[in-house]
Amino acid sequence: MTTSGKIAVIGLGSMGWGAAVSLLRAGFESRGCDLRDEVRAKFTAEGGVACVSPAEAADGATTILTFVVNAEQTEAVLFGDGGALETAAPGTVVLSCATVPPAYATDLAARLSQRGMLPLDAPVSGGAAKALTGEMTVMSAGAEAAYAAAQPVLDAIATKVYRLGETPGLGSQVKMINQLLAGVHIAATAEALVFGMKCGLDPATLYEVICASAGNSWMFENRGPHIVNGDYTPHSAVDIFVKDLGIVLQEAGAIDFPTPLAATARAQFEAASAAGLGREDDAAVAKVYARAAGIALPGETD
Amino acid sequence: MPVAAVIGLGIMGGGAAASLKRAGFTVRGCDVSGPALAKFKDRGGIACTSAAEAAEGADVVFVFVMDASQTELVLFGAGGVVDTAAPGTAVICCATVPPDIASDIGERLAKRGLLPLDAPISGGGKKALMGEVTVIAAGSPEAFEAAGPALDAISAKVFRLGETPGLGTRAKMINQLLGGIHNVATAEAMTLGIASGLDPATLAEVVTASAGSSWMFAQRAPRIAAGDYAAPSLLSIFVKDLAIVTKEAEAAGMSLPLTEVARAQYQAAADAGFGGEDSAALAKVYAERAGVKLPEVD
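Keeping their order, the protein sequence lines are chains A and B. Going by our numbering, the first residue of the first sequence is number 1, and it counts up by one from there. Going by our numbering, the first residue of the second sequence is number 1001, and it counts up by one from there.
Don't read these hints as lab results, they were simulated from the structure. Careful: at least some of the hints might be erroneous.
Stated by the list, open to error - Taking lysine-lysine pairs in the DSBU-like style, the calculated list, with each CA pair at most 30 Å apart, reads:
id, chain 1, residue 1, chain 2, residue 2
1, A, Lys198, B, Lys1247
2, B, Lys1041, B, Lys1021
3, B, Lys1293, A, Lys243
Claimed, not checked - Listed next, the stretches of chain A that the computed footprint assigns to chain B, with coverage defined by at least 3 CB atoms under 8 Å from CB atoms of chain B:
id, segment
4, 40-50
5, 109-120
6, 124-135
7, 154-161
8, 206-220
Backbone N, C-alpha and C define an ideal beta-carbon position, used for all residues, glycine too.
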């Protein structure tokens, strides 16, 4: 079965990679763009069309998905030099999938509309494994026409597409709340497992107990094994949560809403980043706790 | 037929007694409450007037009382278990107590030739009645062996945390630490979402299906969205449990910044008079500080 159409995926990190591969599997011509040579080579080997610039990827595409890290990069890959808008034809659907401040998402969509594009504010969730199997969750907002045009692409990459309204920005607002919880839960996972080890508990057994109990969270279940096995290969980096919780604090601050848990969790991620762990997996926030507590984590020697 | 004694026949103890009976144990039980004891008798149990009487001739003794002081009383007080329990009897302590007290009780029972298990339980009354609770236990291999058939009768899963009594209670404490933080995170996230103009029911649904979800969020976020604060789980219980966590952390010389924030939010909620409501009422403290209006029951 072949689905027709060229789709541009800009940014082949763990989520973008999963989307690009899912689109290939669904029969699209998937055009992937990434700065890293080795990632482009790997994508070519998968059967995709590897592109050096967003403009090249977007040439002839019916849909463009941006899976970069933040608002600055989203801006650059769309409107910057060699950006997608240099080649994108009017009527192209543009899904902005990075976690960005809600106000930016609204503004971005307005400018894309002015250029004749069909914007969707479409941040995603679900983790790298779900992305790879085309089972992401999308928290989206945009006009009916954009959804209609994006439907086959959304079907290929996601099992759950939440439509939160017609105004771009609503998707990013919900994503921001999700990130508040996710960030707090990762830091809580680290706090709990390190404290457990400090109390003399075996981390693998403790992990098993919590997963079967009311203290469980999606993040505990997903990131706990990274700490228990001492594997900090980055699936999502510490610095991502420094950024995402930064968005939360900024947005909450703008409406005078105190968020003490989010602020405390961000301080822990910032401490990890300051200790040189910014590009490790976000579970490496456990190292901040372990050093303060004077204990060695699994995989570390005293 | 093996004999089990159950001290304390409340929701959890009563359920365990019924499960033991079903598994073929002769069950001897006691409780200060007349109705609880009568119900136990109706289900085929042998009603006793003291812990000592219940423990006489038992192969295994379960303690299902409320807290540390009651555990102390039924084990070592007048008419307590140690008066009659034969050496080699497994004594399974299921009440939630501070970890150092669990360790201390274990040591004192062992000195008397008994086989102690530190064994807090997770799972509600329904699971207790079906013999499907989760046991988070620590104790010697001999204690686990002696208690094996009885534990099988009451539980679906037994976690073995180690040989030293106190480790089971510590694992349970870590579970409470996480649950407490997750409840506060739920309140912080839901109230911020409402303050930013999001529909709370939609927000609860989307996040529950996403990576930001937790067991607690899935329970509590819909309650906040519906304005329903009737208590299936008292907010004040976490005020007590987080105090235990904080005290243990101090003793261990470890700082727990998220737990501290969560505890302060719980304390603020209790001080504002919400201790008798569900933990979802933590949202009211956030709403008050930010001047946000929360949903109310229709």
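Structure-based check of all given hints:
{"no.": "1", "hint": "A:Lys198 with B:Lys1247", "in the structure": "14 Å, holds"}
{"no.": "2", "hint": "B:Lys1041 with B:Lys1021", "in the structure": "11 Å, holds"}
{"no.": "3", "hint": "B:Lys1293 with A:Lys243", "in the structure": "29 Å, holds"}
{"no.": "4", "hint": "40-50", "in the structure": "violated (count 0)"}
{"no.": "5", "hint": "109-120", "in the structure": "violated (count 0)"}
{"no.": "6", "hint": "124-135", "in the structure": "holds (count 3)"}
{"no.": "7", "hint": "154-161", "in the structure": "violated (count 1)"}
{"no.": "8", "hint": "206-220", "in the structure": "holds (count 13)"}
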